[in-house]
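Engineer: Sequence:
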Amino acid sequence: MAIKRRAFLDANVLRGQLTTDILLTLAYREQFEPRWSQDVLDEVRRNRPPGLPEAAIDKRLATMNRAFPPAMTSGYKHLMPEMRADAKDKHVLAAAVHSNSVVLVTENVKDFDPPNSGKHAMHVEKVSAFLNRLLDDDPAEVLAAMNEVVSRTDRAPNSIRELIDKMAVQEDLKGFAHDLNEAVPADQRGTHPSLQASRSAKVALDGIAPPGEVAAKSALASESRKSAQAQDKGAEREL
1 MAIKRRAFLD
11 ANVLRGQLTT
21 DILLTLAYRE
31 QFEPRWSQDV
41 LDEVRRNRPP
51 GLPEAAIDKR
61 LATMNRAFPP
71 AMTSGYKHLM
81 PEMRADAKDK
91 HVLAAAVHSN
101 SVVLVTENVK
111 DFDPPNSGKH
121 AMHVEKVSAF
131 LNRLLDDDPA
141 EVLAAMNEVV
151 SRTDRAPNSI
161 RELIDKMAVQ
171 EDLKGFAHDL
181 NEAVPADQRG
191 THPSLQASRS
201 AKVALDGIAP
211 PGEVAAKSAL
221 ASESRKSAQA
231 QDKGAEREL
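Its first residue numbered 1, the sequence shown is counted upward by one per residue in UniProt numbering.
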């Protein structure tokens with residue numbers, strides 16, 4: 001992409017291992033610049049997946065900070081009173097604004113209502129929407145990143161098909177799974193029933209011409225008929 005977008009990542013998109021792995025692999029490949037805050041990382045730690053030891057989450061967070069030193073955002077507390085967000089999430093929006101991010105990636109979009117313009121403007125979207133925009137911008141690079149994700153482990157998912165199938169049943173990633181499934185070669189597509197249903201619906205819709213196209217074709221056919229009729233009448237007069 002010509003200009004890397006800077007994205008502030010909320011705690012709920014950094015909680016799960018797979019979502020975090022996908023996001024940070026794309027960031028490492030310079031598809032976007034990640035930003036977060038200590039408040040966000042503390043929330044990730046408090047709400048870590050059940051069964052994940054504190055030592056494991058602490059190791060992951062430390063690795064993230066080492067890999068992306070500029071990501072840590074501070075000095076935003078003074079903005080919190082001005083933020084249009086739920087009280088518990090004002091610190092997230094304040095950090096996103098202060099970091100000069102162009103998008104706040106969160107699964108709790110309803111908790112944020114920033115202005116569309118001005119110094120506190122911020123675009124807010126869910127992780128699948130964000131990933132799909134990256135896919136649209138640079139499909140080859142995103143596919144390469146997904147291959148990197150599955151190549152790092154001997155455990156499932158260790159193929160693109162398995163990755164897509166796993167994402168298809170994960171609430172925050174299923175939207176990305178459907179778009180990625182359409183972007184990969186046929187032999188790498190997922191097999192989950194929801195993907196098959198979505199693809200069948202797309203094929204059916206692709207066979208239906210848009211209303212404007214139907215009207216244009218109808219008008220063209222009508223003009224052709226009129227022209228043919230005029231030619232026939234002209235031929236009759238000549239006879």
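Please note: incorrect hints may appear among the correct ones.
[As the list claims (entries may be wrong)] Here are the in silico distance ranges between beta carbons for each label pair:
no.: 1; residue 1: 196; residue 2: 81; range: 43 to 51 Å
no.: 2; residue 1: 193; residue 2: 53; range: 31 to 39 Å
no.: 3; residue 1: 186; residue 2: 110; range: 17 to 25 Å
no.: 4; residue 1: 154; residue 2: 38; range: 29 to 37 Å
no.: 5; residue 1: 47; residue 2: 118; range: 29 to 37 Å
[As the list claims (entries may be wrong)] Result set (BS3-like, lysine-lysine): computed pairs, CA atoms no more than 25 Å apart in a straight line:
no.: 6; residue 1: 4; residue 2: 126
no.: 7; residue 1: 119; residue 2: 88
no.: 8; residue 1: 77; residue 2: 88
no.: 9; residue 1: 126; residue 2: 110
no.: 10; residue 1: 119; residue 2: 77
no.: 11; residue 1: 110; residue 2: 77
no.: 12; residue 1: 110; residue 2: 59
no.: 13; residue 1: 126; residue 2: 90
no.: 14; residue 1: 119; residue 2: 59
no.: 15; residue 1: 88; residue 2: 110
no.: 16; residue 1: 119; residue 2: 90
no.: 17; residue 1: 110; residue 2: 174
no.: 18; residue 1: 90; residue 2: 110
no.: 19; residue 1: 126; residue 2: 174
no.: 20; residue 1: 90; residue 2: 77
no.: 21; residue 1: 4; residue 2: 119
Hints in this document: simulated from the structure, not taken from any laboratory. No residue lacks a Cβ here, since even glycine has one placed at the ideal position from N, Cα and C.
Engineer: Of all the hints given earlier, name the ones this structure violates by number, lowest first.
Structural biologist: 3, 12 and 14
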